[in-house]
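Student: Listed below are the residues making up each chain.
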Amino acid sequence: MVNSELIFATHPLLELAQAMDKSTAETVVADQAGPASIGDADRIRLSCQPASIKINLRGESTDSAFSSAIKSLCQLELPVVANTAQTDSRSSLLWLGPDEWQWRHAPDASIDSKSAETFITELQTRLEGVHSALVDVSDYYCIFTLQGPYVYDLLEKGSPLNVRHNLKAVSACAQTRFGQAAVLLNTVNDAPPEVHVQVRWSFAEYLWLYLREGMAEFY
Amino acid sequence: VSGVNRIQERGRINRGTALRFYYDGRQYFGHQGDTLASALLANAVYLVGRSFKYHRPRGIMGAGVEEPNALVQLEKGAYTQPNVKATEIELYDGLIANSQNCWPSVRFDVGVVNSWLGRFLPAGFYYKTFMWPASLWMTYEHFIRKAAGLGVSPRSADPDRYEQAHRNCDVLIVGGGPAGLSAALAAGRAGADVLLIDEQAEFGGDLLSTHPASGYEIDGAGVHDWLKQTVRELTDLANVKLISRCTVSGYYDYNYLTALERVTDHYGPLHVSNKPRQKFWKIRAKRVVLCTGAIERPLLFADNDRPGVMLASAIRTYVNRYCVLPGKSICLFTNNDSTYQTALDSQRAGAKITVVDVRENPQGSAVRLARDAGVRVLTNSAISRVVGKHGVSSVDVKMLSEDGKSLQGSAEQIECQIVGSSGGWNPTVHLFSQARGKVSYNESIASFVPDINTCASINPSRVAGGIKGSRGLGTCLQEGFEAGSAAAKDCSFTSASAQAPQATDFAEGPQRVIWVIPTDHPIGQGSGKHFHDFQNDVTVADIHLAAREGFVSVEHLKRYTTTGMATDQGKTSNVNALAIMAENQGVSIPEVGTTTFRPPYTPVTFGAVTGQHRRALFLQNRKTPMHSWHVANRAVFEDVGDWKRPRYFPRRDEDMHSAVQRESRHVREAVGVLDASTLGKIDIQGRDAAEFLNRIYTNGWLKLGVGKCRYGLMLNEHGMVFDDGVTTRLGEQHFHMTTTTGGAARVLNWLEEWLQTEWPELQVYCTSVTEQWAVVAVNGPHAKALLGDLCDNDFSNAAFPHMSYQAATVAGIAARIFRISFTGEQSYEVNVPARYGLALWEALVSAGRRYDLCVYGTETMHLLRAEKGFIIVGQDTDGTVTPADLGMQWIINNNKPDFLGKRSFSRSDTAREGRKQLVGILTESPDIVLPEGAHFVTQVRNSPPMETEGHVTSSYYSPNLDRSIALALLKDGRSRVGEVVTARLIDGQNIKSRVVDPVFFDTSGERIDG
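In order, the protein sequences belong to chains A and B. Heads up, the first sequence stops at 1633 in the working numbering, and the numbers go up one at a time, no gaps. Heads up, the second sequence stops at 1029 in the working numbering, and the numbers go up one at a time, no gaps.
What the hints contain is simulated information worked out from the structure, not anything from laboratory work. Among these hints, one or two may not hold up.
With a Cα cut of at most 25 Å, we get these calculated DSS-like pairs of lysine-lysine [what the hints assert, rightly or not]:
id: 1; chain 1: A; residue 1: Lys1582; chain 2: B; residue 2: Lys1011
id: 2; chain 1: B; residue 1: Lys990; chain 2: A; residue 2: Lys1582
id: 3; chain 1: B; residue 1: Lys347; chain 2: B; residue 2: Lys408
id: 4; chain 1: B; residue 1: Lys887; chain 2: B; residue 2: Lys1011
id: 5; chain 1: A; residue 1: Lys1582; chain 2: B; residue 2: Lys301
id: 6; chain 1: A; residue 1: Lys1582; chain 2: B; residue 2: Lys887
id: 7; chain 1: B; residue 1: Lys1011; chain 2: B; residue 2: Lys990
This one's a predicted model, so the numbers in the text were calculated from it and none came from an experiment.
So here's chain A without its partners, still in its complex pose (with noise of 0.2 Å):
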């Protein structure tokens, strides 16, 4: 009885998509039954992802074990400079901190939680012996998609982090709060800027709505 169909039963904006005036410049999805976008991408839009495979990987950097078990399985260098990401077309390795990274895989239809177990599996094979710790985290954070030149105005309202200067750079990414939301960010496009937010499954109604509410003046 589970099938895809199940991912987004638990939309955490799916209370907000429910109340929402249909007059609002929201579009629901069906498939996804959450408030899929907001704006648009000429000046800001905000737009939530669907499910996606992340692991949090933890290691040491200096362990070529670690480094090339990676590198193997996931075709990306392990990011040693803080907050930069490795980025190709299926997935973006994240750094979090000296011994932390995020694997992240592009959503994708045919995934569903067996997909992480199998990586996981996967990867746990190749690491044998080696310290280290993989760990299943796709649906404890969901992503949100920031397009558009006022990327950076709508999040210094929220965020104190330098972010016209820490997030200028594609492929940079930092963890930081906005609001009281703790968020990862992560620059995948610039001119025009394009950036994700990860944020907790649990934030993410909170995060909708005040990411809403300050890009109104922009569109």
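Got chain A; can you put chain B on it based on the hints?
Tutor: Chain B only, in chain A's frame:
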């Protein structure tokens, strides 16, 4: 239409738009570009308010932020705002303002009786008079506030929206006058990230008040052309951001500054906009350049508070910028050259000007120009009296004695409608002072200037222009440019253009400092009052009185007389007050010292400080994946931290008590499900994971088998219970820890702190997985059967015993099942990835119908665990409770070499007799439910105080025992089982209760296996 005082100049107003506004109920017109003050003066409205204490008539004195008198009540209803300076309100169509602090009207004010009683209302009057009896203070305060208060606060909720925003920059420049603009050009051209902030609607500062024909030029262009071109250049620079209508309100450590931007105030409250009303900026700057200019100092002469007595420079601003000539005949009273520009500009605008100069022989170039233009100049003279009550009709002028301390000869009466006074200029050092910078006294300007090195290490900043005491336009431009270049260079940006904008300084002669202008009678002994603080209604005589009464410290003086306090922050009064004190005490001004300016520089609305964080955004409502089901099924929610958890699920018209009684009975008789998703969860992995837990928890963890669960207590270093939960060994080096809902973040921090700072040699990684898993707790006699219907695992006690774990597929969903119990029943906590939480819940509810399943909330969970004597950390403990106090010695493994808190058990206080211990309590009357928090007393008396020997921590009516039960912390409790104790309630009842073992239900624990 826009007023009798309007003159035909271009100024900076837009005559194409006529704006209607209302002041004290009367309709007037003004123009776009006007302030409320300039529009009122244009309409010959001079009387705008009553003073704070004496209710004396007051008029507009300044033209900007320095205004102490013209505080008005702006707008009505929910939009009303008290104490707004008329000089800072940009005029908009439909504006409504009223004078404040007067009743019934500004022209006839009953409170003026205070003025007739003035000699009985000296400094410190309130302190002296209303001190006793102390019990009457509340009554006094009510009337004092009514009589002495300023405007009134709105009573309804603020309808506006506010925002906060953070901004980082290389160079923050405060003030957009000549120095600030020049600094921005230098730093901006060098490529630094520049933020230029100015409080006014337009950039330009003093340039806005400069007449095009006054002969000032910058780089060969007229000042207005230069200004236009400069603002355009700065706007075009991508690395420069300009914010106008924005006041830097606070300067805090490490170049952290706050600023209030009035985004839509100038459109009025009815303007519809997607923008917030105001924006509160929180700025971090690598370097700060303060170009805050200077504020003119009024001369202190008799009756200097009459409506129509203004600052000389303000007259110039009204004439040149707003095209308002406040009076056809103007008497300017000065001690310095700057006033002569006002004389020239006002005369050009058609006024008859007389200058009264205290100096014997004023010599500067502006003086010469004024004399050449036919301005009458009376030297070595002073105004001894101002005639007129609600306005000025004339002044008396007398010759000064040689020492300037008295007057001589007969008075000449000079007819005039307006008096402009200037006692020199005070650098605006407020922000610098907030930044912990010290100021030093500069004799030549008779004021204080920043000593820039005093705060350099904490708040690297520079100053340029008027704040340094500089006067000439060329000097200000040069200083600004240098400061901007240097600040940019500090941030590794080197300026390409080394040339500052050029302008000529006009030569100025020295000023003659006479702090208190003598009058016909000694200060404070006649009818003429010398006001130095207009907003707080403080006179020179008040300072003398304060000194006589022993208030010789400047900080005491400030508080005793209220000089320089409140919304004004001493903008026009501060230096004069210090000088009067110094003169009175016969010491130099630096010896008197200075007070400290405090943030905010000007008032900041509470709305802006709150920003977005109100209503739905005040606090996040965290919801579990099953939340929508709970809502649809009429759950009543409880706040647990920031989580919303179902407290109970009432059926039909059940109240909380009956719902909880039903749920609690049902779980023990059939089966119930609880949404336990909010429990904290931490994934722990690594070679040393078991050893790590062995140190963190009080019991042993090394031998826990894979697939087994164990309950653990976490203590802090003091041996006190800090958190609890069940941890399960998923693999040899892999554990799943659960914490209390509220403790999730705290416990992870705690684990990381020990790992990172004390035990870095342990190979362990902790990862929070709280929200990865949705959790349903299935409890009750039918739990096994229910799960058996949805899952292929063998749920027999042998195959799946209590305190063990199995992977499973429940209702088609991959799950982790932990057989652990917080109710004492057969109990399984089913964990699935969050996205499947609702599906799992619905599947269980649906399959559970044949078992008469009920859903239950946190209240029933609490009751059921209390029946079993299970503690809740934070409810039955309070940070002072050890495991021994809880009767949980069984969980302490003293054979372990060490664990957190172990050593504290031998502390005398932890080991002593007489500690409070957890016990069960049964009231003698089974129907009485003791209130939680009720105290047991050693001896009952008629009234408190009574000695307490403990208190009730949890208390319920148990449906399964059909009587009340309670848990309590009681002194030496466990040795007193069987004793009768008395709880004294707050309403005076004494409840007799028996001390019992804390396990009330199923004492043998056989239900857990079913």
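Student: Going through the earlier hints one by one, which of them does the structure break, listed in rising order?
Tutor: Violated hints (numbers, rising): 1, 2 and 6; every other hint is consistent with the structure.
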